[in-house]
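**Q** One letter stands for each residue in the lines below.
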Amino acid sequence: MIRKTRRRRTWFAAAVLAAGSLLATTLPAHAETGVTTNSIKLGITLPLTGAASPGYNKIGNAMDAYFKYVNDNGGVYGRKIQLIQKDDQYSPQLSIAKTNELILKDKVFALVGPLGTANFTAVHKSVGLQRRGIPSLFLNTGFSGFANKKSYPTSFTILPSYAMEAKIVAQFLKENFAGKKLGLVYQNDEFGIDALGAFTAAGVKFDVSIPYTSGTQSAATAQTWVSQLAAGSAQVVVFFGVTSATAPLLAVAAGAKYAPQWILGSVGSDPLTLQALGVPVAVLNGALTPAGNPSPNDLTDEYVKQFQEINTKYNKAAFDDYVLQGMNLGLMTVQALRAAGPSLTRRGLIRAMEAKGSTFASVAYSPLGYSRTSNVGHTGYYMAVMGPTGDRKPFGGTVMLYTTDSGNGPVVKSNFKRPAMPAKGLPNNS
Amino acid sequence: MQKALETLLIGLSTGSIYALMSLALVLVWRSTRVVNFAQAGQAMFSTYIGFEIASRSQIFWLGLIFAIVAGAVLGAGVDYFFMRVLFKHANSGPAAVVAPVIATLGLLGLIRSIVGLTWGGEFRAIEAPASKDGYTFGEITIPFSPLNTLIIVTVAIILIILAILFQRTNLGLALRASAYAPEIAQLAGIRTARTRTIGWAIAGGVGGVAGMLVTSYNFLTPYSLDLLLVFGFIAAVIGGLESMAGAVVGALVLGVGLTIILNYVGTSLVFIGGFAVLLLVLLIKPDGIMARGKVRRG
Amino acid sequence: MESWQEARCAVVNESAKKVRKKLLLFIFLGWVLLIIGDRLDELRVYQGAQIAMYTIALASIVLLTGYSGQVSLGNGAMMAVGGYAAALTLNNLQTPIWSAFMMAILVAALFGAFLGLAAARLSGPYLAGTTLALAVGLPAIANQFSFLGGEPGLLFDVGFPPERFGEEFTQYKWYFWIATFIALVSLFITSNILQSRFGRTWKAIRGNSLAAELSGIHSSQMKILAFTVSSGLAGLAGAVLAMTISLVAPGAYTLALSFALVTGAVLAGISSLPGVVLGGFILVAIPEIADALAASLGNQDKLNSYLPGLFVSVLLILSVIYTPNGPGENLRKHFHKKSAH
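Chains as they are written, first to last, in my numbering: chain A, 1 to 430; chain B, 1 to 298; chain C, 1 to 341.
With the rest of the complex left out, here is chain A (with noise of 0.2 Å):
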């Protein structure tokens, strides 16, 4: 009896041991995910088909443009940076099957430019990116509740939150437009909701106030907002929602000849986009709205010069806002993993965007805000007016730049000047 229980408890040892020792084999050796020796991969979920797609489907080609030339030239400590662009429709259910597949089948390194606010939410819930600790860099999305260092610890955005730009609105409505009728037209998610919520807390009342669900905006409801804000005679109309809504909301306010004067949310103001949409260039002159970057057409700008040199190069499509946004996305990516160091690993590539973010250089005139305890990136706008070709230049003449947070901080009247953009617009940094 005795000799059968030590035999069966050596057995069991035995067993032990074999199953750790193999078990001990099979962990691999700790390589950070998406990154070798030579390459780098890099994850972004946008529109680029549907309803919310027009101009935003070509930012991430932009993006991949500029990689390439960084790649040509040497990438980033001589490894290539690789970026998988995968389509979510502006569907949130989609950016987080998508997001999976970059996570875990692609194994990227890190996501940039995600774009959408309530993808990201979903996302950032759904994937958990916060436990994988995955960094999330320069969100392609204004929501003012990913400035929350706290909730969102590995997320940096990049854009100037909603609210901030309610905020800077709502001072230039003061400053140009007291006593007019005011007349709101908005997504009814938390992308309007945030502009909306400044709006109120900065005094601001709107006379018509029209909330759009996103997806639902075509001509025949767009006539329903033109038929609301005709009645209500609103004298200046803001509008916050994407390309594909502004699109029929102009062409049908042309069509009915009402013309108020249009501020436009930087979201969905690009005009070349608007112009594809069946907006009549004419309508969109005279038109204002909050810009953080110079014009895509203003080769006096170093950046802008440098850009579309890139893009001729490397890139099959019409340099425009977008075109820009995307490259300016790519050479502050750069700038952020040569910023962490050779040795690339995913916590290292957040500390170093909380430690010297703020002096990446951008194509945006606002100052960087990243730090320790701050995840937010540019800060501020200046308004900006259409002229008749629909391009945009400031408001006043010369560019007169707004900082303010997404809190309850004042909007004060910024002199901040740009770092310069890096020899050949390769960053050299570390």
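By construction, these hints were calculated from the structure, which means they are not laboratory data. Virtual Cβ for every residue (Gly too), placed ideally from N, Cα, C. Treat the hints with care, as some may be off.
[To be verified] Pairwise CB distance ranges (calculated): (1) C/L24 with B/Y180: 52 to 60 Å; (2) B/G77 with C/Q94: 55 to 63 Å; (3) A/T389 with C/S296: 38 to 46 Å; (4) B/S57 with A/A178: 49 to 57 Å; (5) C/A211 with B/L62: 55 to 63 Å; (6) A/Y77 with C/E42: 26 to 34 Å.
[To be verified] In silico DMTMM-like cross-links for lysine to aspartate or glutamate, where the CA-CA straight-line distance does not exceed 25 Å: (7) A/K107 with C/E14; (8) A/K105 with C/E213; (9) A/K107 with C/E168; (10) A/K257 with B/E6; (11) A/K41 with C/E288; (12) A/K316 with B/E52; (13) B/K285 with C/E213; (14) A/K41 with A/D106; (15) A/K80 with C/D291.
Add chains B and C to chain A, keeping to what the hints say.
**A** Below, chains B and C without anything else, positioned relative to chain A:
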């Protein structure tokens, strides 16, 4: 008062486009006892062809003609190559109920994939043949434009042509006979199979017109006609699936009903409004509005 | 009459034995899946959870269309009802997870009963059209009422896996465990229902409604029952779907989902319950295969967006034409031919 008039006019305009789609569906139903979900796919394909011609020639009407032809050819082709094969094989077992529905759904997906792979998913626009600016009466501009008028007129012309075709010509008689009593029609010397194919061709052409008209004020994508299919189908069911007049009436009722919901209730409830209208009609008259007593049901 | 009572006893014993055998089979299946789940990487485990979800949804189609012969294109809408019911229960009533799933079943079944009441007089294309309208219209309601979360939807968080499973036990593995457990239980119950007199009655109605009525079957009552049970199943599947993406939103329950369900059911055999497992596999595998194909062909956006659709459509058309009752039927026919010799 103005809002009510606007609602009515817009409702008639959108309803008339649904009428084309529901007419096409009823045509196919009566001749083949199949609900052709692929009708939207055929219409979409025809519209892409029409778009190509219209954007190259800058003439909308030329594009429309090509769309009609493409739709007719595709419709005939679907019946000849697809439906006949389907009926030969899938006619027994529990799936016989479901097979034609699924098959046409599959065909819809197939056409959509081919279109998407060929043209891509970008938004396309077609130059409208009439102005989209609303009519102005002094101070007031209503959201009803010359384009809307043109749509209603075009649909009306097509309906008249079809009515003449069906009521006054031999072909029309053959189409009706083949649909109503195929065996007897065959005995009377009508080539029912060929007649059925012609019916599909007409349906396809009509669908092409619907697609072009819708796209004159909306964007064209491989998904842009899906709603047209849903509403066209609802309209056909409301009208009773058995009569073409019913298809038109049902479509106008649906168009006006949906616009009422859009303007007076809320934009998000439009779709469920369609469901409500449909359910209401079917609860009161399970065979549709225009059904008269005993009608043959699938 | 003793022999008759004996015969009845024997029949009852037989069916009880069958049920017990099935139970053992399911438990064995569960154990196998558990072990497999431990071996797979996170992506496959996540897909396993999706397959489990699809099997539940497909079972609802098999019951409704395969057995009771009612063509519904609106099961996606019932999934939405279940998903929202689960999320609202979990978020507002702070009840344990399993009660959220129960509410999903109950609320969806209730909706299904109403739908069945309205649709009992309809058949064929009229029923298809009504359910189509429902599939398109119901999810959009979420945008109208703010407590339903609108387009971005509501959170549905079943929580982290229990701590005693250790650090390595990922969130997705937890979903896999829950989804598989729910799938096994619901398939077991559904299988029993389908093999009981309910299933036989449904098949009778499907075959010949008039003859069934003459045999004393209440056609419309049974049809409504079919809708109720089927919707309950669909609602459960909807809640499981919500769990896997931690979200309920209208965009997760589109018309395309309803179409995909009918597609999967036809591909796997519309009246075969075991077929739902195959159907689930197919629905998850096709996007994978299409993605791989698109990647090997150069990875343009067009390919990525439209190749899966092409696959599914061709597969669907071929299967409807050549194996309309599922691959199982053809195999059986083949067997019969052989044994007839």
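**Q** For each hint given before, does the structure comply? Return the numbers of the non-compliant ones in rising order.
**A** 7 and 8
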